[in-house]
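J.: Produce the complete structure using the sequences and hints provided.
Protein chains: 2
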Amino acid sequence: MRQVLVAGIGSTSFRRHDTVPIETLAARAADAAIRDSGLDRSQVGALYFGNFVSGPLTGQEVLAGMVADELGLPQIPCTKVEGACASGGIAFRHAMLAVATGQCDVAIAAGAEKMAHAGTAAVTSALNCAMDNLSDGKSGLTFPGFFGLVWNAHAALYGTNREQVSAVVRKNKANGLLNPLAQMGAALDDATIAGSAQICDPLQLFDCCPISDGAAAAVLVAADRIGDLTRPGIAIAASAQTRGTPRVSGMSELTSFRATVDAARIAYEQAGLSPADIDLCELHDCFSIAEVIDSEDLGLVPRGKGAVWAAEGRTLVGGQIPINPGGGLLAKGHPVGATGLGQVYEVVKQLRGEHPNQVADAAIGMTHNLGGAGVACTVNILRRLDA
Amino acid sequence: MRQVLVAGIGSTSFRRHDTVPIETLAARAADAAIRDSGLDRSQVGALYFGNFVSGPLTGQEVLAGMVADELGLPQIPCTKVEGACASGGIAFRHAMLAVATGQCDVAIAAGAEKMAHAGTAAVTSALNCAMDNLSDGKSGLTFPGFFGLVWNAHAALYGTNREQVSAVVRKNKANGLLNPLAQMGAALDDATIAGSAQICDPLQLFDCCPISDGAAAAVLVAADRIGDLTRPGIAIAASAQTRGTPRVSGMSELTSFRATVDAARIAYEQAGLSPADIDLCELHDCFSIAEVIDSEDLGLVPRGKGAVWAAEGRTLVGGQIPINPGGGLLAKGHPVGATGLGQVYEVVKQLRGEHPNQVADAAIGMTHNLGGAGVACTVNILRRLDA
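Taken in sequence, the protein lines are chains A and B. The opening residue of the first sequence carries number 1 in my numbering; numbering runs sequentially from there. The opening residue of the second sequence carries number 1001 in my numbering; numbering runs sequentially from there.
It is worth saying that the hints were derived from the structure and are not from the lab. Even for Gly, the Cβ is constructed at its ideal location relative to N, Cα and C. Check the hints yourself; a few may be wrong.
[What the hints assert, rightly or not] To give a feel for the contact side, a few chain A residues facing chain B, derived at Cβ under 10 Å:
| id | residue |
| --- | --- |
| 1 | E23 |
| 2 | F52 |
| 3 | P56 |
| 4 | C78 |
| 5 | V81 |
| 6 | E82 |
| 7 | G83 |
| 8 | S87 |
| 9 | H94 |
| 10 | A98 |
| 11 | G102 |
| 12 | Q103 |
| 13 | V248 |
| 14 | R303 |
[To be verified] Taking CB as the label site, the calculated pair distances span:
| id | chain 1 | residue 1 | chain 2 | residue 2 | range |
| --- | --- | --- | --- | --- | --- |
| 15 | B | Q1198 | A | D224 | 27 to 33 Å |
| 16 | B | G1059 | A | G159 | 36 to 42 Å |
| 17 | A | G319 | B | E1269 | 54 to 60 Å |
| 18 | A | G72 | B | T1230 | 37 to 43 Å |
| 19 | A | I226 | B | A1223 | 33 to 39 Å |
| 20 | A | G250 | B | E1312 | 55 to 61 Å |
| 21 | B | T1120 | A | A276 | 56 to 62 Å |
T.: Below, the structure is given as structure tokens:
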């Protein structure tokens, strides 16, 4: 396996993009990533595209080929991959594998989603495609309902409370204010969070990520092609993909996602690193309580302490382990197929020292992208070449 | 790249499967493939799943993980891939790459679709997800309409007529009668075909593949693991994936699919073979005229002669180049995500000498799977190990 670098990144803002077709959103992000890399598009040998619900919500599939066409890429293999909310991370891993295994020297991973035009009811229904609809779906469960159950279980086991979880919300919303790509950054106080609308007890409005449109992309290149690059390449030290159970009844405990635990273990092994080596992490906070669980599953925070550490300020920029300095899904937004690549975008900005909410001396960063009720997960570790 | 073998195959029948969930259909086919291979499911290191419109038609995504869960596979990477009607072929190629590049020693490619429950209008609408909906879609084009245009162009260029194209229909429907998995085999005469309902001039009812449910799967293994196999392995001599234009206005000519021409060229190069070496081909006859075009694009029949050769009997079993001895999409059916793997199933049966419509001494077979208006294509060449 050859070493693979992230040579270029691109992203649209995450927000409503009512007038731009999904393939054009994706092509804009990918085009920005190509220009950022300094490589010529004729060098691209494969494209992987992450998307989740374009079929149900916009009636458009075959997006991998359409995006390649709009970009003017060669007649290369173009593949859409889907693993619910982990679709973008899966696209990234497959582009990495295409380069690492010598299929090609340059590959593009892109992801996009358009959801806002469809309205909340249609989006909720489409998101339920990520459930096992013959078990969890028939029970009437939705994803806010599922993560409400997760919160209750974490509270029962570890005493996690509203004030502690609000610290996650405050942090990510404040981080989002600094990120020009973010949809819903905000300066919130605990009273505002605790007073916001009840969504699915105990989840309240600000505990839930918004419905977003957007696209993000990365250009990957074999390390031995580094001479062509305009920017310092960022090494992919690890890229892991796992599966977990597709349904609640398959979880041995509600307070941990097996797919995350497995992916993190594999990623640390691949990179030869431990959680203490990670300088920052962009993780999958689709709901505030998800950040609590994820930070524990990734080994960044002791088991049961996810919310406590947030409340103690240890996950702030400047803290022990900065989590979601880009604002996370809660503030940056969650255009599903783009999210995993949006996380890569944020981490690469950090490792280049160019992030608007910079973690000092960031050399090693992690991304974590989780699908459904934990049915699919990707974890990447990115590393500055001089680190 | 390691040599990869098809070690096991499995398939459901292609027909209506009203009471069986799509994940169960897929798991049945994959389970049959695992049992056919003699390998243990704990050895499987990756699963790729081809599906096109489960989101719009059944509200169920994350099928790769769900099928793995139903099969009791390990916590391995499970990835859904989509390229419209080429989704199954794309799954096959990615499972092949996972083994060839040493990601794992054993991988499963599976594909499935459930369509029949949704009714013709909903299926037609869902299939249009394979179009560029801002150009071809807005023009009111459907896929029958598109292939009607293709027929008219072929007729104008080469004089292709109803009687010649009817020979394709007669052959595939008759082949389907011999295939126990086929949905709509039939003994048809020219008058019945020419008298059938007008669908989209000049396409008539029997020129169009039926709406199908079904699943198919293959277990792939590294050649150096051949000692574990219960059946003679079939070598994957080539596996190519390409993209073409997503829209009619992007085609330089209506009578050829660039993605097919490119994939065939790559596949012949990979295998070190030429069209004359191919003993049989299962190709993408979503409409009768598609077989005419595909057989020319693959180099199996001289340009412009696709329908003439069919009328002369040269594509029958026993003819110069047997095409779709399994009945093709026209007779076997077209459960979209399964189709590319169903073709692999048929060819492996032929190369094992166990096909109900056996091509004598079949040693080298080809599969061809085409998506949308040519936006994605896969071509595989399979070969008996002793050939």
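J.: Now tell me, hint by hint, if it's right for this structure.
T.: Cross-check of the supplied hints:
1. Nearest Cβ of chain B to the Cβ of E23 (chain A): about 8 Å, under the 10 Å cut. The hint holds.
2. Evaluation of the F52 (chain A) hint against chain B yields a held restraint, the C-beta minimum of about 7 Å falling below 10 Å.
3. For P56 (chain A), the suggested interface contact is upheld, since its CB lies about 5 Å from the closest CB of chain B, less than 10 Å.
4. Because the closest C-beta pair between C78 (chain A) and chain B is about 4 Å apart, less than 10 Å, the hint holds.
5. About 5 Å separates the beta-carbon of V81 (chain A) from the nearest beta-carbon of chain B, less than 10 Å, and the hint is met.
6. Hint status for E82 (chain A) relative to chain B: holds, with the closest Cβ pair at about 4 Å, below 10 Å.
7. Interface hint status for G83 (chain A): upheld, as the beta-carbon distance to the closest one in chain B is roughly 6 Å, under 10 Å.
8. The criterion of a C-beta within 10 Å of any C-beta in chain B is met by S87 (chain A), whose closest approach is roughly 9 Å, and the hint holds.
9. This hint holds: H94 (chain A) has a C-beta 7 Å from the nearest C-beta of chain B, less than the 10 Å allowed.
10. Annotation: interface hint on A98 (chain A) holds; nearest CB of chain B at approximately 8 Å, less than 10 Å.
11. This hint holds: G102 (chain A) has a C-beta 8 Å from the nearest C-beta of chain B, less than the 10 Å allowed.
12. Interface restraint check for Q103 (chain A): the shortest CB-CB distance to chain B comes to about 7 Å, inside 10 Å, so the restraint holds.
13. The beta carbon of V248 (chain A) comes no nearer than 13 Å to any beta carbon in chain B, farther than 10 Å, and the hint placing it at the interface is violated.
14. Because the beta carbon of R303 (chain A) sits about 20 Å from the nearest beta carbon in chain B, more than 10 Å, this interface hint is broken.
15. Between Q1198 (chain B) and D224 (chain A) the CB atoms are about 59 Å apart, so this pair departs from the stated range of 27 to 33 Å.
16. Checked against the hint of 36 to 42 Å, the pair G1059 (chain B) and G159 (chain A) passes, with Cβ atoms roughly 38 Å apart.
17. Judged by the Cβ atoms, the range 54 to 60 Å given for G319 (chain A) and E1269 (chain B) holds: they are separated by roughly 55 Å.
18. Distance hint check: the CB atoms of G72 (chain A) and T1230 (chain B) are about 49 Å apart, inconsistent with the given range 37 to 43 Å.
19. One distance hint, 33 to 39 Å for the beta-carbon pair I226 (chain A) and A1223 (chain B), holds here, with the actual separation near 34 Å.
20. A hinted range of 55 to 61 Å for the beta carbons of G250 (chain A) and E1312 (chain B) is consistent with their spacing of about 57 Å.
21. Between T1120 (chain B) and A276 (chain A), the C-beta spacing of about 60 Å keeps the proposed range 56 to 62 Å intact.
Violated hints, in rising order: 13, 14, 15 and 18; the structure is consistent with all others.
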